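**Student:** So the sequence lines, in the order shown, correspond to chains G and H.
Each position in the first sequence, counted from 1, maps to that position plus 327 in the working numbering.
Each position in the second sequence, counted from 1, maps to that position plus 710 in the working numbering.
Hints were generated in silico from the structure; no laboratory data involved.
Bear in mind the structure is a predicted one, so any value in this text is a computation, not a measurement.
C-beta atoms are modelled at their ideal positions from N, C-alpha and C, and glycine is treated no differently.
A few of these clues could be false.
Cβ pair distances, simulated, as ranges [to be verified]:
#1 H:790 to G:343: 48 to 54 Å
#2 H:810 to G:365: 26 to 32 Å
#3 G:380 to H:807: 18 to 24 Å
#4 G:391 to H:726: 47 to 53 Å
#5 G:436 to H:713: 24 to 30 Å
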Amino acid sequence: SQQGEEDPQALSIQEGENATMNCSYKTSINNLQWYRQNSGRGLVHLILIRSNEREKHSGRLRVTLDTSKKSSSLLITASRAADTASYFCATDTLMGTYKYIFGTGTRLKVLA
Amino acid sequence: GAGVSQSPSNKVTEKGKDVELRCDPISGHTALYWYRQSLGQGLEFLIYFQGNSAPDKSGLPSDRFSAERTGGSVSTLTIQRTQQEDSAVYLCASSFRGTGANVLTFGAGSRLTVL
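The shape of chain G in the complex, shown without the other chains (with noise of 0.2 Å):
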């Protein structure tokens, strides 16, 4: 089963605009990633938030991490036709057994 929803399923924007994917689990977490993937096959790590941690940020992305809503954001600011994407969150569960299970996905198209 997935633990991690995320919204929109698909998304368009021109380039230089903000894109904002949001991610909803279940249940309750030590860490949520988010991983980016091109063209259906391997996925490359963005960044990881830890459940003590609100916000961070790399480069152009923007997370923020609400426990008591379970929920993520990943902002990509100043978007490029290069960030165009599906984009993936990923949570383990307190149990610790750092089993990651990842959410529906957002597909980002950013057109030039």
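Once you have looked at the hints, place chain H on chain G.
**Tutor:** Chain H alone, transformed into the frame defined by chain G:
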């Protein structure tokens, strides 16, 4: 190796045949994961190996699916008596056991098509 290597990259098989998918993780990575992704869908967790501990097999969809990891390194995912619904991309990932978190490095996947 420099990255996670999966083979074959593409496999076409007939319904009812057995298939084996191989994953070579990054050297030194103690954790290894298998996921399945159907066309346009999210990742479905299959199985997770961590060091010498018993694997977490809770995601395997049926007893036709099995996986092993020999010597704590290479892993093989075996699907017996394949069905058309097994068609998907099978993704392997490995990780160094971090402090409180594992960051996964993925292979390029094995695309399985069952005719």
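**Student:** Take the hints in turn and mark each one as holding or not.
**Tutor:** Each hint, compared with the structure:
| no. | hint | result |
| --- | --- | --- |
| 1 | H:790 to G:343: 48 to 54 Å | holds (51 Å) |
| 2 | H:810 to G:365: 26 to 32 Å | holds (28 Å) |
| 3 | G:380 to H:807: 18 to 24 Å | holds (21 Å) |
| 4 | G:391 to H:726: 47 to 53 Å | holds (49 Å) |
| 5 | G:436 to H:713: 24 to 30 Å | holds (27 Å) |
Consistency with the previously given hints is maintained throughout, with no hint failing.
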